[in-house]
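Using the sequences and the accompanying hints, generate a full structural model.
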Amino acid sequence: MPYVVTENCIKCKYMDCVEVCPVDCFYEGANMLVIHPDECIDCGVCEPECPAEAIKPDTEPDLEKWMALNAEYAQTWPNVTVKREPPADAKEWDGKPGKLEAHFSPEPGEGD
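Note that the sequence shown covers residues 1 to 112 in the working numbering.
Derived from the structure by calculation, the hints contain no laboratory data.
One or more of the hints may lead you astray.
In silico DSSO-like pairs for lysine-lysine, Cα to Cα no more than 30 Å straight-line [unchecked claim]: (1) 96 - 83; (2) 91 - 56; (3) 99 - 56; (4) 83 - 56; (5) 65 - 96; (6) 56 - 96; (7) 83 - 99; (8) 99 - 65; (9) 65 - 83; (10) 91 - 65.
Now the in silico label distances, taken between C-beta atoms and shown as ranges [what the hints assert, rightly or not]: (11) 98 - 22: 31 to 41 Å; (12) 61 - 85: 30 to 40 Å; (13) 61 - 88: 31 to 41 Å; (14) 72 - 110: 18 to 28 Å; (15) 41 - 82: 16 to 26 Å; (16) 57 - 24: 18 to 28 Å; (17) 41 - 88: 29 to 39 Å; (18) 68 - 98: 17 to 27 Å.
Using N, Cα and C, we set each Cβ at its ideal position, and we do this for glycine too.
Printed below as a string of structure tokens:
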């Protein structure tokens, strides 16, 4: 899994990454996005596009739980290829710790 979406996406859900992905490997949950591990081609164009810096290469340490979460939810959440506006309070949530335990939702998002 070359790139992985991490905790800071939760409740921020900026979608800048979605519109630059050449292989449409993003999947949408109710309050975050994930990357499908079998579809990502390791091009890296998504990483600098994320305003919340929530996308990391799998070579960074301590990403195992995020790799597993991305792989799991990419199987059930709908594919998203079109950028939409982030939540109105996204900037307030950017950088807040503990979002996985307190705010992660397993519910799917809208998708395309």
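Now for the hints, and whether the structure bears them out:
1. 96 - 83: holds, 23 Å
2. 91 - 56: Satisfied, since the Cα-Cα distance of roughly 19 Å is no more than 30 Å.
3. 99 - 56: holds, 17 Å
4. 83 - 56: holds, 20 Å
5. 65 - 96: Between residue 65 and residue 96 the Cα gap is close to 18 Å, so the pair holds against 30 Å.
6. 56 - 96: Given that 30 Å is the threshold and the Cα spacing comes to 17 Å, the pair holds.
7. 83 - 99: holds, 23 Å
8. 99 - 65: holds, 14 Å
9. 65 - 83: holds, 26 Å
10. 91 - 65: holds, 25 Å
11. 98 - 22: 31 to 41 Å: Check passed, 34 Å falls within 31 to 41 Å.
12. 61 - 85: 30 to 40 Å: Check passed, 33 Å falls within 30 to 40 Å.
13. 61 - 88: 31 to 41 Å: holds, 34 Å
14. 72 - 110: 18 to 28 Å: holds, 19 Å
15. 41 - 82: 16 to 26 Å: holds, 20 Å
16. 57 - 24: 18 to 28 Å: holds, 19 Å
17. 41 - 88: 29 to 39 Å: 33 Å Cβ-Cβ, so the 29 to 39 Å window holds.
18. 68 - 98: 17 to 27 Å: holds, 19 Å
Comparing the model with each earlier hint shows no violations; every hint is respected.
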